[in-house]
Structure formats: C-alpha cells, structure tokens
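2 protein chains.
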Amino acid sequence: MDLACLEQKFSEPMNHLKASAIREILKFTADPSVISFAAGNPAPEAFPVEAVQEIATRILSENPIGAMQYSVTEGYVPLRENIKKVILSRDSILKEGDDLVIVSGAQQGIELTCKVLCNPGDTVLCEAPSFVGSLNSFKSYGGNLVGVELEEDGISLEKLEQALKTEKNVKFLYLIPNFQNPSGRTMSLEKRKAVLALAEQYDFMILEDNPYGALRFAGEDVPAIKSLDESGRVIYCGTFSKILAPGFRVGYVVAQPALLQKIIVCKQCSDVHTNIFSQMICSEFLEKYDYSVHIQKLREIYRHKSGLMLEGIREHFNPAVSYTEPQGGLFIWCTLPKGVDMMEFCSNAVKNRVAVVPGSAFMIRESDPTQSFRLNYSTPADEKIVEGIKLLGDMTKSL
Amino acid sequence: MDLACLEQKFSEPMNHLKASAIREILKFTADPSVISFAAGNPAPEAFPVEAVQEIATRILSENPIGAMQYSVTEGYVPLRENIKKVILSRDSILKEGDDLVIVSGAQQGIELTCKVLCNPGDTVLCEAPSFVGSLNSFKSYGGNLVGVELEEDGISLEKLEQALKTEKNVKFLYLIPNFQNPSGRTMSLEKRKAVLALAEQYDFMILEDNPYGALRFAGEDVPAIKSLDESGRVIYCGTFSKILAPGFRVGYVVAQPALLQKIIVCKQCSDVHTNIFSQMICSEFLEKYDYSVHIQKLREIYRHKSGLMLEGIREHFNPAVSYTEPQGGLFIWCTLPKGVDMMEFCSNAVKNRVAVVPGSAFMIRESDPTQSFRLNYSTPADEKIVEGIKLLGDMTKSL
Chain A
1 MDLACLEQKF
11 SEPMNHLKAS
21 AIREILKFTA
31 DPSVISFAAG
41 NPAPEAFPVE
51 AVQEIATRIL
61 SENPIGAMQY
71 SVTEGYVPLR
81 ENIKKVILSR
91 DSILKEGDDL
101 VIVSGAQQGI
111 ELTCKVLCNP
121 GDTVLCEAPS
131 FVGSLNSFKS
141 YGGNLVGVEL
151 EEDGISLEKL
161 EQALKTEKNV
171 KFLYLIPNFQ
181 NPSGRTMSLE
191 KRKAVLALAE
201 QYDFMILEDN
211 PYGALRFAGE
221 DVPAIKSLDE
231 SGRVIYCGTF
241 SKILAPGFRV
251 GYVVAQPALL
261 QKIIVCKQCS
271 DVHTNIFSQM
281 ICSEFLEKYD
291 YSVHIQKLRE
301 IYRHKSGLML
311 EGIREHFNPA
321 VSYTEPQGGL
331 FIWCTLPKGV
341 DMMEFCSNAV
351 KNRVAVVPGS
361 AFMIRESDPT
371 QSFRLNYSTP
381 ADEKIVEGIK
391 LLGDMTKSL
Chain B
1 MDLACLEQKF
11 SEPMNHLKAS
21 AIREILKFTA
31 DPSVISFAAG
41 NPAPEAFPVE
51 AVQEIATRIL
61 SENPIGAMQY
71 SVTEGYVPLR
81 ENIKKVILSR
91 DSILKEGDDL
101 VIVSGAQQGI
111 ELTCKVLCNP
121 GDTVLCEAPS
131 FVGSLNSFKS
141 YGGNLVGVEL
151 EEDGISLEKL
161 EQALKTEKNV
171 KFLYLIPNFQ
181 NPSGRTMSLE
191 KRKAVLALAE
201 QYDFMILEDN
211 PYGALRFAGE
221 DVPAIKSLDE
231 SGRVIYCGTF
241 SKILAPGFRV
251 GYVVAQPALL
261 QKIIVCKQCS
271 DVHTNIFSQM
281 ICSEFLEKYD
291 YSVHIQKLRE
301 IYRHKSGLML
311 EGIREHFNPA
321 VSYTEPQGGL
331 FIWCTLPKGV
341 DMMEFCSNAV
351 KNRVAVVPGS
361 AFMIRESDPT
371 QSFRLNYSTP
381 ADEKIVEGIK
391 LLGDMTKSL
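Heads up: the sequence lines are chains A and B, in that order.
Under our numbering, the first residue of the first sequence is numbered 1, with each subsequent residue one higher.
Under our numbering, the first residue of the second sequence is numbered 1, with each subsequent residue one higher.
Hints were generated in silico from the structure; no laboratory data involved.
Among these hints, one or two may not hold up.
Identical copies look the same in the list; a pair holds intra-copy or inter-copy alike.
Unchecked claim - Here are the simulated DSBU-like pairs of lysine-lysine, each with C-alpha atoms no more than 35 Å apart in a straight line:
1) Lys9 x Lys84
2) Lys168 x Lys18
3) Lys85 x Lys288
4) Lys168 x Lys9
5) Lys9 x Lys193
6) Lys193 x Lys168
7) Lys9 x Lys95
Go ahead and model the full structure; you've got the sequences and the hints to work with.
Have a look at this one:
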C-alpha cells in the first residue's frame with residue numbers, strides 16, 4: 001500500500017492537523033549551544049525531588065500491588081479527596097453539586113471536554129492567541145475554531161459578543177484566565193463576570209484552563225471563573241504539571257456530575273485510567289507535605305527568573321518592542337514594531353543561538369498576522385537568561 | 001442550567017456510549033464476600049515487585065528530573081529501542097520501514113488508530129464478541145461498528161467477506177488474534193493469512209491487538225498478522241499491562257511511519273506524552289532483567305490457574321454447558337444451553353456471591369443475542385477459583 005493510498009484513508013480532521021511548530025523549534029534546542037526560551041518546562045529546581053523519592057519508595061514498599069494494578073477511571077479516591085481539601089478549597093472552585101475526576105494531564109481534560117461536547121463543525125471560541133495544544137485538540141474533532149482578540153485585561157468582550165451573534169452552534173469558550181499561555185496576561189474580575197453573564201445569555205459552556213494559577217508572584221489573586229459559576233456552565237481543568245511534575249501526567253477536571261459522567265466514559269475508552277503510581281505520589285504529596293510552603297518556594301523561583309528576564313529586556317531591548325509583565329506563570333509575550341518581519345526575526349534568533357517561539361504558533365491559523373513571539377523564563381538557567389536576552393536585545397536594536 | 005439543557009449539548013456519539021457493563025458488575029465485587037471471576041487483572045503474584053522497587057529507587061536517585069520533567073510525544077527513546085530489541089525481535093513484528101511509538105496503554109493505541117482513520121459513519125469491522133473497551137472507543141468516534149461471527153479458529157471468513165461486500169467505507173478490521181478477550185480463542189495461521197489477503201483485495205487496514213500474546217502456556221505460537229504483513233496494512237498494539245504493570249499505562253503501536261505521524265499528532269493533543277517515570281521503569285526492566293525468565297514465570301502462574309479453573313469446570317459443570325480451553329491469556333468463555341436465560345443466570349450467580357461477566361457486555365449491541373459468559377482466572381486466589389467454580393457448577397446442574 002503506497003503513501004497516497006494510506007493518506008486517502010485518514011479521517012477528515014487529520015488534514016488540518018499538523019505537528020506543533022513549537023516542536024519543530026524545540027528540535028534546534030537539543031543543541032546545547034542554543035539558549036532556549038522556547039520551552040514551557042518547570043525549572044529543574046522547582047521539582048520536590050526529595051519528597052518524591054521518599055513517597056515513591058514508601059508506596060512501593062507498603063502497597064506495591066496497588067501502585068501497579070489496574071485502577072478506576074474516575075481516579076484514585078484519596079487523591080480526589082486531597083485535591084478537594086488542599087487545592088480547591090482555597091479558591092472555592094468546587095461548587096455545590098460539582099465533583100472532580102482525575103485525567104492524564106489537563107491536556108486530556110481539555111480534549112475530553114471537546115469530545116463530549118462537539119460534533120464536527122460545532123464552534124469553539126477561544127482567545128487569540130492561545131495555547132497551541134488546546135487549539136489542536138479542538139481541531140482534531142473537526143471543531144470550527146474561532147479566535148477572539150485578547151486585550152491587556154483578557155478577551156475582548158465586544159469581539160466576543162460579535163462572534164456569539166454570528167457563529168453557529170457555539171458549544172464552549174476556552175479560556176486561560178491566569179498568566180495566559182502565550183501572552184502571560186491575566187483576565188480581570190470584571191471580564192470574568194461578564195463572560196459568565198454572556199454564557200447565560202447565549203447559552204454556552206466555559207472551559208477554564210488554569211495550569212499556572214498557583215504560580216502568582218505579584219499582584220492579587222483574581223477569583224476563578226468556576227468560583228463565580230452558579231449554574232454549572234464552567235468546566236475547570238487543573239494540573240500537577242506546574243506544581244509537582246509534568247512527567248507524571250496528572251491533572252483533574254471539576255464540573256457537574258452529568259458532564260463528568262460523559263468524560264469518564266470517554267476516558268475509559270481513551271486510556272482506562274491515569275497512571276496509578278503517580279496518582280498515589282501526588283496524593284501523598286498533598287497529604288504529608290506542606291503545600292503552602294512548596295507553592296511559596298515555586299513563586300520565589302519564578303519571581304526571581306521573570307524579574308531577571310524583564311530586567312534584561314528593559315536594559316537591552318529596543319524600546320519599540322513592547323512586552324507583557326506577567327504577575328505569574330512562565331511566559332513573557334513580546335511584540336515587534338509594525339513592518340518588522342517577525343518570522344525572520346525568530347529565524348535569525350535561532351541562527352544567533354537563541355530560540356523563541358514565533359507568535360503564529362499560537363494563532364488560530366498559523367497564517368493569521370502577528371508581530372509577537374513568546375519568551376519562557378522557567379526553563380533556562382539564570383546565566384542563560386542574562387546571556388540570551390542580551391543577544392536578543394542586540395538583534396532588536398538593529399531593527 | 002438544568003440537566004436537559006446540558007444533555008442537548010452533548011456530541012452525537014455520546015448518545016450511544018454507556019459505561020461498560022463490566023464496571024457495573026465490578027461494583028458488586030468490591031464486597032469481599034463476592035468471589036469475582038469478572039475482572040481481567042493480572043495475578044498479584046505476577047508483578048515483578050522487587051525489580052520495580054529496585055529500578056524506581058535507582059531512577060529517582062540517578063535522574064529524578066528526567067523522571068519528572070516533560071518528555072517527547074513519541075516516547076522515551078531507550079524504551080522504544082528496548083521494546084524493539086527484547087520484545088518485537090522475537091516475533092518479527094517490526095517490518096522493514098515500520099517504527100514504534102509509546103502510548104498510554106494499548107487502549108490509547110486503539111483509540112488513536114480509530115481517530116486517525118474514521119470519520120463518523122465509517123465502518124469498523126470486529127470479531128463478535130470482542131473487547132468492550134475497544135468497541136466503546138470505536139463508538140465514541142461515531143463509527144459504524146459491524147460485528148463478524150467468531151468461530152473456534154477465529155473470525156468467520158465467509159461472514160467477513162459478506163460484510164466487506166455490503167458495508168461502506170470499511171476503514172479497518174479489529175482483531176485480537178491470541179487468546180481473545182472475551183472468548184480465549186486463538187486465530188489459526190490460515191485465517192491470519194486469509195484476512196491479510198482480504199485486506200489487500202478489499203483495501204482496508206487491520207488493527208491487531210495483542211495484549212496476551214506473551215502469556216501462552218500451551219500449544220505453539222502462531223505468527224502475528226503483523227509479521228506476515230508485507231504492505232503496511234497492519235497496525236499492531238502491544239502493552240506492558242499483562243507482562244509488567246497495568247497501573248503504569250504503558251503500551252506501544254507499531255505501524256508505518258506516515259500513520260504513526262498522525263497518531264503522534266493526535267497523542268500530542270490527547271495527553272502530550274505517556275508518564276515518563278513509568279516509561280523509564282519499563283525500559284530498565286527490559287534492559288537489566290531477564291525478560292524470558294520473567295515471561296516463563298507468568299506462563300507458569302496462568303497455566304496453573306487456568307488448569308485449576310478448567311478442572312473445576314470439568315468436575316462440577318453441567319455437561320450441557322460448553323466452554324473454551326484457552327492456550328494462554330486470562331479468560332474462559334462458557335456457553336449455556338439454548339433456552340436458558342443467560343442474564344438471569346449471571347444475576348443469580350452474583351446473588352450466590354460469584355461474579356461473572358454476561359456475554360452481552362462484549363457484543364456489538366448489548367441486546368445482541370448470546371448464551372455466553374466470561375470467566376477470569378488470573379485475578380482470584382486459587383482457593384477462590386475452586387470454591388467459586390463449585391458454586392457456579394451447582395447452579396448449572398439445576399438448569
């Protein structure tokens with residue numbers, strides 16, 4: 001069977017789905033001489049290595065069969081309870097009548113939400129730009145993905161209402177309200193309330209993705225949209241990827257039970273259940289270690305690293321380049337002046353041995369116009385941040 | 001938002017997808033006084049606990065960041081190499097030009113294959129009965145699922161060709177050729193060759209699911225369909241669930257690269273990558289421990305347990321009840337005489353504190369007629385096998 005014959009067999013959405021542009025860029029970063037601001041990995045010093053060593057060893061000694069045997073699709077019961085107790089109670093995420101299931105990273109929660117709600121052609125609204133992994137998930141179900149301009153304080157309400165009036169079968173609005181990926185921006189409380197009111201008015205669901213919420217190192221917490229939701233319209237995704245270990249692929253979805261039931265049935269035929277050993281480790285970490293102290297430590301790490309990067313930008317970047325000053329999370333979003341070829345700038349950066357992600361990777365269609373690129377400060381070592389930003393800064397000066 | 005309003009929002013396939021009937025039965029088995037022949041879990045004594053303890057502790061001491069950080073979607077490179085070297089080379093599974101990617105259990109390989117190939121309404125052919133988790137996967141993409149009668153030596157070729165002549169857009173045929181779940185039957189070499197020839201003639205793919213292949217305790221190995229495949233029509237799924245630890249959710253897909261590329265893109269927006277810590281454990285297990293010795297041990301365990309169950313059946317069952325004598329795997333398939341109410345028999349069994357799975361759970365539609373039920377011998381302890389089979393036997397005598 002030749003390739004042309006095989007390609008004819010692929011399902012329709014496969015024609016629109018490409019490997020993420022970030023992955024292509026990350027290939028260059030395998031070269032240790034390239035300074036990478038392109039990843040989104042937690043800082044190595046953010047991993048609670050000793051705690052995980054202690055917990056993993058103890059679990060394998062006390063309950064090895066439990067850590068290796070099949071488990072239930074909903075997730076490890078003590079983990080579900082500990083998430084409710086230690087994480088969700090702080091922010092009133094769990095509304096009366098809601099429940100929580102464990103998924104294999106928030107990515108799976110996002111994918112399954114789309115699978116449960118969307119027929120091919122149904123509309124998914126999202127911030128433009130937004131997280132490419134989620135956008136690809138929506139595309140993989142043949143969704144009609146519609147981007148709505150992102151402003152300094154969150155999605156444009158005007159443009160959102162415009163889209164709601166013109167687009168058909170809007171199933172849900174996808175939002176990353178805190179320290180958004182890629183923009184680093186945080187949605188204001190007013191806008192959170194407004195999108196919830198629009199959800200009621202136009203009858204759609206909201207998928208709230210909050211991977212970075214705990215990593216606030218400046219400013220004041222803004223309530224989760226889920227915490228304001230009185231009618232069960234919000235589906236909330238959380239994750240251990242940024243607070244414990246992304247390699248474990250443990251996340252969770254909070255929603256009303258009737259929706260969770262569908263997610264569970266879909267998860268059952270997707271991966272049966274999430275790795276149980278890692279679920280047990282996450283659970284013990286919440287139960288036996290001081291979560292607040294740990295989060296405080298992470299905030300210090302990212303406050304320091306973002307500060308270092310922003311300092312370099314202020315010192316070395318051409319003032320014509322604008323940039324966000326995030327209050328948390330992992331990313332800074334830089335925008336080049338009009339007339340500059342952003343893709344060429346990013347290519348030249350790699351040639352100069354600094355990798356950044358071109359903003360087009362986060363647009364609904366990669367061809368959508370953008371002058372921006374994304375910088376990550378969590379992954380590189382401090383001296384690499386200083387060195388790389390100086391190099392990028394010199395490039396911006398010759399624009 | 002009330003429930004009726006929410007239910008209107010669900011995607012079309014959700015209307016046809018129900019939680020597996022097995023799960024409902026397994027609820028009863030939480031009661032320790034119920035003897036469960038309903039599960040499909042490996043025997044507790046089959047887990048290489050000491051090896052996993054040694055490996056996990058070493059990995060977390062030598063490379064903790066590697067075990068906790070984000071990894072690549074294709075899978076941990078040493079694991080991919082070790083699977084090729086230690087497992088696939090034995091059976092000539094990896095054909096020239098093929099490659100392998102890691103997935104979160106074979107279940108994910110099955111789901112992603114369906115996602116990559118099927119538009120809603122496309123036809124998936126499968127053995128009837130077949131594994132309910134896979135059937136639900138196919139249903140979850142709106143596939144037109146068509147069952148083909150399973151005979152003693154595998155799928156009926158006559159019925160298969162009939163279906164190929166009448167069904168439209170047949171994308172693939174799903175097969176579990178070794179010690180099939182639920183029937184325990186093994187497909188003959190002749191039939192393996194014949195379905196491959198039909199795949200050429202009628203231009204469809206074959207999804208070969210082989211979770212139990214290594215667990216042969218009687219008879220001679222039959223070559224995998226993949227090993228006979230010269231034209232890249234076969235997609236092969238393997239797993240560590242039955243040979244190491246199902247709780248780790250580590251499996252793999254072998255196929256031609258153009259198809260794997262699509263699976264990788266879909267996996268990326270499904271769970272990014274499979275739990276890396278467990279991938280590293282699986283890899284080290286293949287590399288540092290004697291795989292042949294381990295498999296030999298598992299075969300002894302299941303030879304013993306299946307023998308015990310078959311002995312009980314011969315001694316206690318009404319001779320009017322027929323049953324398969326598997327040469328490997330985890331299941332025995334019993335068929336009640338015509339006229340007996342199979343569902344009532346299974347309900348009565350639970351009342352007598354023995355759980356079995358009614359055959360209808362494995363039919364394409366649960367309403368499809370069947371007189372069979374599935375017995376599992378891997379999970380219960382030896383004395384429970386003896387006791388439970390005696391109880392079931394007494395029930396069959398009063399039929």
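Outcome of the hint check:
{"no.": "1", "hint": "Lys9 x Lys84", "verdict": "between (44 Å within a copy, 27 Å between copies)"}
{"no.": "2", "hint": "Lys168 x Lys18", "verdict": "both (25 Å within a copy, 28 Å between copies)"}
{"no.": "3", "hint": "Lys85 x Lys288", "verdict": "within (13 Å within a copy, 41 Å between copies)"}
{"no.": "4", "hint": "Lys168 x Lys9", "verdict": "both (29 Å within a copy, 13 Å between copies)"}
{"no.": "5", "hint": "Lys9 x Lys193", "verdict": "between (45 Å within a copy, 22 Å between copies)"}
{"no.": "6", "hint": "Lys193 x Lys168", "verdict": "within (23 Å within a copy, 49 Å between copies)"}
{"no.": "7", "hint": "Lys9 x Lys95", "verdict": "between (45 Å within a copy, 21 Å between copies)"}
The structure fails none of the hints (numbered hints given earlier).
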